[in-house]
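Student: Take the given structure of chain S and dock chain L to it, following the hints.
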Amino acid sequence: MEGLNEVLTLFLSIDNFIAIGVGVLIGVIVGAIPGLTATMAVALALPFTFSLAPVTAILLLVGIYKGGMYGGSVTAILIHTPGSPASACTLLDGYPLTQQGKAKKALQMALYSSCIADVLSNLALILFASYLAKIALNFGPPEFFWLICFSLTIIISIAGESVIKGLIVACLGIIISCIGMDAVHGTQRLTFDNYNLMDRVSFVPLLIGLFAIPEVLDFYLKKASPHIRAASSGVGLTMKELKASMSSIVRGSLIGVIIGAIPGTGATAAAFISYSDAKRRSPNRANFGKGELDGVAAAESGNNGVAGATLIPLLSLGIPGDVITAIILGAFMIHGLTPGPVLFQENLPVVYALFCGIMISSVVLLAVGHGVIRYFSLIAEIPKAVLLPIVLLFCVYGAFAVNNSVFDIGLMLFFGVVGYLFKITGFATAPFLLGFILGPMFEDNLRRTLLIGRGDPMIFFRGPITWCFIALTLLSLFFALRRYWLERIRTAP
Amino acid sequence: MNATPSSPPRWANLNTLLGIVCLIAALVFLFYLVPQHIEQAPRLQNPLQSPRWLPTVAGWIILLLSIALVIEGCLRPPQPEEGKGETGQDRAPAWRWLLLLVALASYWLLFEALGAIVAGVLATVLLFLATPVRKPWLYGLAVLLPWLVCLLFIHVLNVPLPSGSLWE
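So the sequences go chain by chain: S and L. Start counting the first sequence at 1; every next residue gets the next number (full-length UniProt numbering). Start counting the second sequence at 1; every next residue gets the next number (full-length UniProt numbering).
The set of hints was computed from the structure by calculation and includes no laboratory data. Because the structure is a prediction, the values reported are computed rather than measured. Mixed in with the good hints there might be a few duds.
[To be verified] Away from chain L, derived, C-beta distances all over 10 Å, residues of chain S:
| no. | residue |
| --- | --- |
| 1 | Asn5 |
| 2 | Ile135 |
| 3 | Arg189 |
| 4 | Glu241 |
[Stated by the list, open to error] Simulated restraints, written as ranges between beta carbons of each label pair:
| no. | chain 1 | residue 1 | chain 2 | residue 2 | range |
| --- | --- | --- | --- | --- | --- |
| 5 | S | Lys222 | L | Ala113 | 42 to 50 Å |
| 6 | L | Ala41 | S | Asn138 | 27 to 35 Å |
| 7 | L | Arg76 | S | Lys222 | 25 to 33 Å |
| 8 | L | Ile24 | S | Leu477 | 42 to 50 Å |
| 9 | L | Trp97 | S | Asn403 | 57 to 65 Å |
| 10 | L | Ser165 | S | Met239 | 55 to 63 Å |
| 11 | S | Val323 | L | Ala113 | 27 to 35 Å |
[As the list claims (entries may be wrong)] According to the in silico footprint, chain S covers these stretches of chain L (three or more CB under 8 Å from chain S):
| no. | segment |
| --- | --- |
| 12 | 14-24 |
| 13 | 31-40 |
| 14 | 43-49 |
| 15 | 63-75 |
| 16 | 104-116 |
| 17 | 125-131 |
| 18 | 142-150 |
For glycine and all other residues, C-beta sits at the position ideal for the given N, C-alpha and C.
Pulled out of the complex, with its shape left as it was, chain S reads as follows (with noise of 0.2 Å):
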């Protein structure tokens, strides 16, 4: 009864609420900003938390990390620009459905899944922390080795019209993220000796340029068509809708939440793993990507599933999963707390008093979401002759903003005019960003699992996690090449 008393006296304060509420309105905003991410968010809020109490200042940021997560679906859908590179999996069914005039119901469906998947991410880690973290544990480079194999064959159900398009672009995927310093031997890869390639492709430009640019450059290209007032913006959506989709909801939470105790791993994966499973169930698969709901329901699950899951190996182990956690660790750090088993036995309020505020957050990111999509639905309205010039001055604000250099200006502006050619020839785009993302993962786990196995090819088979995701990629391998030739089979003439 006394522990409880000092749960709620830590907890039931108004700075705590104040500060849930302030963090996911900025995290929110901030994620909707191309180019700025609710990492850098978090980054900048951290100062600020050097006052507070460990409690207020922990949820202050756990609030802008949940909502950055949210906050970059919102320019996914409606401009075609992931606010962060987890988003880059929404838009490819969020963009379409704002064409179509239902940029409202799409922002809701992602609010709702986000806020969905949120909760039961919250529930895992409250209940379940301590089993998902032994099992987390047992994750070595072979195992993230057989994952990241077991998340490149995503690439098949993403690659859009064409299977053999989307591989050719994701391996060029691979080969851009290969650019820079090796980092095991410090050799030069395609640097052509210029310094602002040794440290690899900046990550933010190339997103803002690959997605964002190309609807520019589209728009200026052509002859300019009279704006369609999209009054069905204002359409939400429907309870039908959102029971429709809510299997697709729960299995995305659930790879978000699986994936997102395993440090390291990241919720961009979570958010692909998700669509794709909800894609191959799905009995309207053939509609995904040209804007269905039910895939920026999966998309924003499988992302906002990994928001709480992050938090276990965090608490649980000390382990920071992603970089924002990293920051939060440093939270800790600075007021006095060492997360781990220690955190539980010396500080046990402290914990219950964050899970309290950390499911609060949920609420309060449905409460501000809501609050926002109404002002945030109106950029569907506004004609694009106005809103495309706004839309790249953010952009470069926020490419130059990376490094504070203008060479990724530059580079942003030369992936738009790739992300542009493959508008025009047909290649898909989310497969080359998948090889980006998944390239590197793929290589510094192969090279760990050959260093720590001295040569030995048994150690990429050395347990019961290595063989489960071997059969998750056959698996999944199997079935994707079958539907596409079934799908030949089907459309031949």
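Tutor: Quick look at chain L alone, frame taken from chain S:
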């Protein structure tokens, strides 16, 4: 599906052309870029750990897939709607994409010289003229918005943007 005397041959389509371009690019990559621009590590325990291994594998896969794309293009030409973007019938007038080009160049080449605000104003006004935007008050927005966004980046988000080397 038989080619009539006036229509282009069956193999002459977008996929075949793309396959040939990818094939040439893959050959250049594998036989020029990889040996010349990827340094080999002095000592290797395993060839799979070579800095050249992953790019080479990816290059060979592209080579094989581009051959597959050429074959697919010859045997199964894409349907007309797949190449819709290539028709060029809705192309904008030259002055419009020229203004776009100047706007993009001003962002890239003049960003540090003019500063973020002036480069932003210049590019936004040029893009408004390209459409063209007819409401005069929107040009006021083109001046105000870069300034406001710049202030947001510099003072709220703590991101330094160039103020312009020409004005210093």
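Student: Each of the hints needs a verdict: does it hold here or not?
Tutor: Against the structure, the hints come out as follows:
1. Asn5: holds (39 Å)
2. Ile135: holds (28 Å)
3. Arg189: Label violated. Min Cβ-Cβ 5 Å, cutoff 10 Å.
4. Glu241: Given that every Cβ of chain L is farther than 10 Å from that of Glu241 of chain S, nearest at about 29 Å, it holds.
5. S:Lys222 <-> L:Ala113: 42 to 50 Å: violated (31 Å)
6. L:Ala41 <-> S:Asn138: 27 to 35 Å: Given range 27 to 35 Å: holds, Cβ gap about 31 Å.
7. L:Arg76 <-> S:Lys222: 25 to 33 Å: Holds, since Arg76 of chain L and Lys222 of chain S (Cβ atoms, about 29 Å apart) stay within the stated range.
8. L:Ile24 <-> S:Leu477: 42 to 50 Å: Distance hint for Ile24 of chain L, Leu477 of chain S is violated at roughly 29 Å.
9. L:Trp97 <-> S:Asn403: 57 to 65 Å: Violated, since Trp97 of chain L and Asn403 of chain S (Cβ atoms, about 29 Å apart) do not stay within the stated range.
10. L:Ser165 <-> S:Met239: 55 to 63 Å: Distance hint for Ser165 of chain L, Met239 of chain S holds at roughly 58 Å.
11. S:Val323 <-> L:Ala113: 27 to 35 Å: Hint holds: Cβ distance 33 Å, inside 27 to 35 Å.
12. 14-24: Held - the segment 14-24 of chain L has 4 residues with a Cβ nearer than 8 Å to chain S, which meets the minimum of three.
13. 31-40: holds (count 5)
14. 43-49: With 4 residues in contact (Cβ-Cβ under 8 Å with chain S), the coverage given for the segment 43-49 of chain L holds.
15. 63-75: Result for this restraint: holds, n = 5.
16. 104-116: It holds, with 6 qualifying residues against the three required.
17. 125-131: Check passed, 4 qualifying residues.
18. 142-150: With 5 residues closer than 8 Å to chain S, the segment 142-150 of chain L meets the three-residue bar; holds.
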